[in-house]
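Student: Sequence:
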Amino acid sequence: MPTNASIAIVDDEVKLRQALGRLLRLHDFEVSQFESGDTFLASAETSCFDCLLLDLHLPGAANGFVVLEALGSRRSTPAVIVMTAFDEPGNDH
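Quick note on numbering: the sequence shown equals residues 1 to 93 in the numbering used here.
Accuracy of the hints is not assured; some may be wrong.
Using C-beta positions, here's what the derived DEER-type ranges look like [stated by the list, open to error]:
#1 D28 x F86: 24 to 34 Å
#2 R75 x K15: 33 to 43 Å
#3 I81 x V14: 14 to 24 Å
For the record, the hints were derived by calculation from the structure and aren't laboratory data. In this text, all values refer to a predicted model and were calculated from it rather than measured experimentally. Beta carbons are placed, not taken as given, at the ideal position from N, Cα and C, and that holds for glycine.
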């Protein structure tokens, strides 16, 4: 990934977003943070990200699966790294 690449962090955990943002900025990445899939999708039309760190279990109508589906229908999609706190298959709550 090029220096100054733009990364979006989409996670409802404030502390995690802040920690990841600080770490990535230390390595010269441009970072935008979103607390939900809804807010990310609302801004993604005008923003172009090189990479997306995406939590699957987000509040609101657009969880991580909905965000992935919406990105899949676009011409250009960022690289996506999926994050989840659930380590058991089928555990979706």
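Student: Give a verdict on every hint.
Tutor: Status of the hints after comparison with the structure:
{"no.": "1", "hint": "D28 x F86: 24 to 34 Å", "verdict": "holds (32 Å)"}
{"no.": "2", "hint": "R75 x K15: 33 to 43 Å", "verdict": "holds (35 Å)"}
{"no.": "3", "hint": "I81 x V14: 14 to 24 Å", "verdict": "holds (19 Å)"}
Going through the hint list in order, the structure satisfies each hint without exception.
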